[in-house]
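Engineer: In case you want the letters, here they are:
2 protein chains.
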Amino acid sequence: MNTGDHYQYPFQFTQEEVIRFAEVSGDNNPLHLDAEFAATTPFKKPIIHGILGASIFSNVIGTKFPGAGSVYVKQSLEFLRPMFVEVAYEARFEVLSVNVEKHTAEISTEIYDIQTKKLTTRGVAVVMNKEHF
Amino acid sequence: MNTGDHYQYPFQFTQEEVIRFAEVSGDNNPLHLDAEFAATTPFKKPIIHGILGASIFSNVIGTKFPGAGSVYVKQSLEFLRPMFVEVAYEARFEVLSVNVEKHTAEISTEIYDIQTKKLTTRGVAVVMNKEHF
Numbered sequence: 381m382n383t384g385d386h387y388q389y390p391f392q393f394t395q396e397e398v399i400r401f402a403e404v405s406g407d408n409n410p411l412h413l414d415a416e417f418a419a420t421t422p423f424k425k426p427i428i429h430g431i432l433g434a435s436i437f438s439n440v441i442g443t444k445f446p447g448a449g450s451v452y453v454k455q456s457l458e459f460l461r462p463m464f465v466e467v468a469y470e471a472r473f474e475v476l477s478v479n480v481e482k483h484t485a486e487i488s489t490e491i492y493d494i495q496t497k498k499l500t501t502r503g504v505a506v507v508m509n510k511e512h513f
Numbered sequence: 381m382n383t384g385d386h387y388q389y390p391f392q393f394t395q396e397e398v399i400r401f402a403e404v405s406g407d408n409n410p411l412h413l414d415a416e417f418a419a420t421t422p423f424k425k426p427i428i429h430g431i432l433g434a435s436i437f438s439n440v441i442g443t444k445f446p447g448a449g450s451v452y453v454k455q456s457l458e459f460l461r462p463m464f465v466e467v468a469y470e471a472r473f474e475v476l477s478v479n480v481e482k483h484t485a486e487i488s489t490e491i492y493d494i495q496t497k498k499l500t501t502r503g504v505a506v507v508m509n510k511e512h513f
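Chains S and A, in that order, are what the protein sequence lines are.
Under the working numbering, the first residue of the first sequence is numbered 381, with each subsequent residue one higher.
Under the working numbering, the first residue of the second sequence is numbered 381, with each subsequent residue one higher.
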């Protein structure tokens, strides 16, 4: 893979998946699980855990772009806007640079709300993959 | 909460939790799930998803330190060493700075292997919490 290569991946989460992530991570912050509590916040309804949203980056990097054999080295994350269940999002990836000696690449990682076209999450991943870089 | 406040949280993950995280995130990279594949890698055995390890930061920030009402603004992550199931880890947190106008704080987030004392994951979170900052 080379600088400029890119990939898009549409996805959404269900409330059931948010509950399962809360169980596995132990993060049962009521902001994600309790509609009455969330109604008292600026978000008005439960929001997806930021790290659950970011797990899509892990999914795509580990299984699709570049795929099997990928080892995560770094990930920066900015949670710019809340994400909600049953909303259609698209994760977008672009190779920013490749280090062929280290078999690593910097990949920009972004999540957009497909309907509003707004950016919800932004960051950069550093990935090692001996087959692809 | 003030600069210098800190918190420790011991934890470990089971293979069952790794499988459930793979299901929720869609990240079924064989490095995490397939002992035979993992044996062919430098890690020798399946490693925990980096983002699953980082979910402990979300857990503690959302439910314990500072706790309910926390909103994640940013998180940087460096995956320095592999993490394994059934190994005892400790997540360590320290408030680096507080912005009282914005109700935000920078919190260092680290994971140590309790037995070897080695740092496995390092990063900095930015958190908004109107009650605590």
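Hints are computed from structural coordinates only; laboratory data are not their basis.
Treat the numbers as computed from the prediction; the structure is a model and nothing was measured.
There could be a bad hint or two in this list.
As the list makes no split between identical chains, a pair holds if one copy fits it or if it spans any two.
Stated by the list, open to error - Cross-link-like lysine-lysine pairs, in silico, DSS-like; alpha carbons within 25 Å at most:
id	residue 1	residue 2
1	K454	K425
2	K482	K510
3	K444	K497
4	K510	K497
5	K497	K425
6	K425	K444
7	K498	K425
8	K482	K444
9	K444	K424
Engineer: Indicate, hint by hint, whether the structure satisfies it.
Structural biologist: For each hint, the structure was consulted:
no.	hint	verdict
1	K454 <-> K425	between (31 Å within a copy, 21 Å between copies)
2	K482 <-> K510	within (8 Å within a copy, 43 Å between copies)
3	K444 <-> K497	within (23 Å within a copy, 34 Å between copies)
4	K510 <-> K497	neither (34 Å within a copy, 29 Å between copies)
5	K497 <-> K425	within (20 Å within a copy, 41 Å between copies)
6	K425 <-> K444	between (32 Å within a copy, 22 Å between copies)
7	K498 <-> K425	within (18 Å within a copy, 40 Å between copies)
8	K482 <-> K444	within (21 Å within a copy, 39 Å between copies)
9	K444 <-> K424	between (34 Å within a copy, 23 Å between copies)
Of the numbered hints stated above, the single one contradicted by the structure is hint 4.
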